[in-house]
Amino acid sequence: MMNGGLRALEERVFDRDLCVSCGACVSLCPYLRSWQGRIVKLDECDLAEGRCFNYCPRGKVDLNELHQRLFGGPYKEIEMGMVRSVLMARACDSVWAGRVQNGGVVSALTDLAIKEGVIDAAVLTDREVNLLPRGHIVSGREDIMACTGSIYTSGPTLEALNRGPWTGDERIGIVGLPCMVLALAKMRTSSLEKRTPIDRVDLVIGLFCTWALDYKSFMGFLQKRFGDRTIGKVDITPPPERIMKITAGDELHDIPLDEIRSFIRPGCHVCPDMTSEFSDISVGTVEGEEGWNTVLVRTERGEELVKRAEAKGVIESQPLPGDKLSHLKEASLLKKRRAIDALKDRGELEDGYLTLSRELIQQIQSESKEAP
Amino acid sequence: MSIIAQDTPGETVLLMGNEAIARGALEAGIKVCAAYPGNPSSEITGSLAGVADEFGLHVEWSVNEKVALEVAAAASFAGLRGLCTMKQNGLNVASDFLLNLNLTGCEGGLVLIVADDPGALSSSNEEDSRAFAKLGDLPLLEPATFQEAKAMTKWAFDLSEDLGLPVLVRTVTRVSHARGNVLLDELPRPTKKPRFDTSRPRIALPVLTNHKLLREKLERAGQVFETSPFNFYRGPEKPELLIITCGSGWMYSLEAVANLDLNERVGILKLGTTWPLPEQMVLNHLSKADHVLFVEEVSPFLENNVKELFAQNCVDLGLKRFSGKATGTLPDIGELNPDIVISTLQDILEVFYEPVSAEYALRAKEISDQLVPERPLGFCAGCPHRATYWAIKNALALDGRDGFVAGDIGCYSLGIGPSGFSQMKTLHAMGSGTGLAGGFGQLNAFGLDQPVIAVSGDSTFYHAVMPALTNASYNKSNLLLLLLDNSATAMTGFQPHPGTGKTASGQDAPILDLEVICKALGAQVEVGDPFDMKATTETILRLLQDVEGVKVLILRRECALVRGRTQKKLFNMEVDQDLCLGERCGCNRLCTRVFKCPGLIWDEIAGRARIDEAICTGCGVCAEICPSLAIRKEVV
Ligand SMILES: Cc1cc2nc3c(=O)[nH]c(=O)nc-3n(C[C@H](O)[C@H](O)[C@H](O)COP(=O)(O)OP(=O)(O)OC[C@H]3O[C@@H](n4cnc5c(N)ncnc54)[C@H](O)[C@@H]3O)c2cc1C
Ligand SMILES: Cc1ncc(C[n+]2csc(CCOP(=O)(O)OP(=O)(O)O)c2C)c(N)n1
Ligand code: SF4
Ligand code: SF4
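Heads up: the protein sequence lines correspond to chains A and B, in order.
The first sequence maps to residues -4 to 367 in our numbering.
The second sequence maps to residues 73 to 708 in our numbering.
Source of the hints: derived by calculation from the structure; they are not laboratory data.
Be a bit skeptical, because a hint or two may be false.
Here are the computed lysine-lysine pairs in the DSS-like style, where the Cα-Cα straight-line distance is at most 27 Å [claimed, not checked]: (1) K392/B / K379/B; (2) K36/A / K606/B; (3) K36/A / K497/B; (4) K36/A / K668/B; (5) K360/B / K379/B; (6) K606/B / K211/A; (7) K548/B / K219/A.
Examples of chain A residues toward chain B, derived with CB under 10 Å [unchecked claim]: (8) P25; (9) E39; (10) L42; (11) C47; (12) M77; (13) R79; (14) S186.
Between beta-carbon pairs, the in silico distance windows are [stated by the list, open to error]: (15) P448/B / R237/A: 56 to 66 Å; (16) D346/A / Q522/B: 30 to 40 Å; (17) E646/B / D194/A: 53 to 63 Å; (18) D675/B / D88/A: 36 to 46 Å; (19) D164/A / K548/B: 42 to 52 Å; (20) D336/A / K497/B: 34 to 44 Å.
Think of the CB as a built atom: it goes at the ideal place given N, C-alpha and C, for glycine as much as any other residue.
If we strip away everything but chain A, and leave its shape as in the complex, we get:
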């Protein structure tokens, strides 16, 4: 299938304001750069086919085809994608306490994977300044600690994977948002000459995500509100409360989500994936249980790592209560439903970035229900 190059990226992604700043297109070439949370085109490139558009999670996405190629079967599990097992877990070691976002499973699993030699290094995300995310290559606990906690603005994590530096034979792990995990799936399956270390990515931990905010406009908002006070931990409480809890200076502030909705990246409104469906392991919060993570194990290597972590006492786990699981499925399906509605509103359900069969669309529409 003929895909496209930078021109397509510009017309179909940038101009439609769909870019989510995942960074998949950056550091492949000199034409694109990331700057203050935005991906910037510096010059014209006239190649008919390019990795930039091929890797972009808002380029062309055929869920069914990707699923076929990565999981060997058609896309059927419309709620949360392929799942082997679901659990509720948290990290045991007290070093993680107080700095991780929820249960610390993400950090603890990354730490274990490196310690056990499953991977040699991982691409995580830390703050360049303020809430500006950037990809950060880590190879030990100290570095992992510098990357704990969620940054609710989107930033070019995958740029670090493209850029390196890499020695050339390390095995790599990545923690990313669902759009990043989708981009990694596209990288893996792209037929273009790669020249990136994607084939050495052995572990993908995907985060749950409903949306991310645009860095520049959100920072403008925070600056008006908090001046130059440093922004510490940011958290979002689950429904029905839905409040952003933000530490500015030494104080904790509540911001109702309605006040920040306008900073959500438009590209997030058309995202159908809440649970990083192409990951090895997906991790999110547990509604109403502070300090715990919901963990979805999707692949054999994911399962192996989680089991090893449990066996070694790195994480402790228990089954996710049924009501929470069904809530999760509802929320995940609802995100798909909203993406379809948004695409329809934009007139992009037919010739948009996302290819979904009519049957799947109908199924999503009929099975999803509005949240309370």
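Once you've looked at the hints, dock chain B with the ligands against the given chain A.
The following block gives chain B with the ligands in isolation, referenced to the frame of chain A:
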């Protein structure tokens, strides 16, 4: 020895029009010449600078045309002969002084040479400077040949002293820049001591008295012109068509009439004194022809003035038909040439003439198109301006607020095109970029959120940017000026300026430090190296985004051509053929397709970029842009 200084009266030599003018000034015994460079005028003062010591002249490159005219006028006020030269739009700058000077008059001969650029071959505008002669009631001469260029210049000084008025001489590119035979005369060595006569102050007040005096002087000029040998007629007693022409139009007309064999039908009145008109002479010729065609460059100046004269005398003259630029018979924009005049005559007189067969012309064009490589207007290899625009382009793209460059005049004006990545979005007169940027900076208060970058060359800075910068500081504007200090007035031929430490005649001069000046004018000043494009990009971004007020970033690197003359290459450059990605994704020929320094060439067969050793200046800049680090630099 310079050819214009050759002391061999009676000998005929081959001179460029501008050299002939310079020689005329020497033969007139000038003591002072002041000018600001500008094509096609620059060689006049340039060649006089070369003989300044030998003839004991003061020759200077002034900072702008107005100051130049003031310097030359001072010589005149003190009784010496002074020359001032400039290009057409230079006269706009000098005009404020000129239109007061006409009222105060002059003492020693004062001649102002203005070189017009029909077709705007090297100008930002197409302008007929002759309008200023009429506007200022000043006598105007227009040489048509190289001999006339010399003779008229020389005579202009006599006329100036005779009338007590500055005299304008208007030349055009084809007279100034072509070469022809010129008969040399004596070279005087005047030793007159200058003195300003304080009993005769040069003050335009009372204005009306002086204006009346000026009108009388002009009327006298008209009388003198009636018998000037620079005006003459060739042709039949009663021509079917009378061509009235001046300057380069004279040669074109001669050639057209000869080629069409129209000597019996067409007469040519060639005027060398075009303002005021030699009215009687013109009326006399008008009375003998029913149809008049005007052949002149740029504007219908003669055409409209003659028509005015006709209107006053039409009762006696009867009906006439007039053709020219004003009537749409000749194109009213662009440069004339013999072909245009020929085809006009063909139409008017219904004669047929085919210089070459259409088929031959087509073939000749095809072949020449093949032989002559396309050469888009662009920066030289190693030009610091290219690196500067690269940094500007990236900074504005990253900034993301649709910023733009308010441009100015110089080599860096090429920023309007691909060589400067089309960053420049306004271009007017010298200094206007900073003036406009200062104005845009005031619009932030109304919600303008696009950043504006002004650019200025070093010579342009001294010329007209200083007042604009002062204004921006005083009126608290928000502006970033990039001062592109290449240590040269590069565009017009490397004339020295106040920042170079040399005078026109090669003597040492104090260097007027740009940094100190900008600081004194209230700007926050930083200095950078345009060759470090990454740092420059970051500095520009920081100054645009984080610093309020008037900021100047001086980007300092000598012009590549100056470096080529005085310095060795900085680096030996090489493209590693194994690392070069060429057209593959990951590069797609960034260096030869986008950056486009002529020192880099695309090897079609290898599918790789290569250094053209003959052209590369070894600046090392392109090493920074190569994504695969295939362009390597090695310190020489
Ligand atoms: C933008 C965003 C939206 C989210 N939305 C939801 C949601 O709606 N529901 C839900 O259940 N969970 C959501 N999460 C996930 C949740 O916040 C936790 O990250 C997750 O539960 C893992 O917790 P943890 O304690 O294991 O994390 P930690 O051990 O603290 O590790 C956090 C990891 O997240 C990575 N990270 C942080 N910010 C980013 C970012 N902007 N981009 C990429 N990687 C990042 C860090 O590199 C780190 O490795 C979201 C996370 C983000 C970043
Ligand atoms: C009023 C006026 N005078 C003279 C000129 C001719 N002119 C064009 S560019 C230039 C010099 C520019 O020099 P600089 O600013 O140093 O820039 P550079 O060419 O060296 O980059 C001059 C004199 C002009 N265009 N307008
Ligand atoms: S990734 Fe490839 S196609 Fe895309 S802009 Fe860069 S060079 Fe061009
Ligand atoms: S979504 Fe990711 S890959 Fe697509 S344009 Fe934005 S940053 Fe690039």
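For each hint, the structure was consulted:
no.	hint	result
1	K392/B / K379/B	10 Å, holds
2	K36/A / K606/B	16 Å, holds
3	K36/A / K497/B	19 Å, holds
4	K36/A / K668/B	18 Å, holds
5	K360/B / K379/B	15 Å, holds
6	K606/B / K211/A	23 Å, holds
7	K548/B / K219/A	25 Å, holds
8	P25	4 Å, holds
9	E39	7 Å, holds
10	L42	5 Å, holds
11	C47	8 Å, holds
12	M77	31 Å, violated
13	R79	36 Å, violated
14	S186	12 Å, violated
15	P448/B / R237/A: 56 to 66 Å	58 Å, holds
16	D346/A / Q522/B: 30 to 40 Å	33 Å, holds
17	E646/B / D194/A: 53 to 63 Å	32 Å, violated
18	D675/B / D88/A: 36 to 46 Å	59 Å, violated
19	D164/A / K548/B: 42 to 52 Å	59 Å, violated
20	D336/A / K497/B: 34 to 44 Å	41 Å, holds
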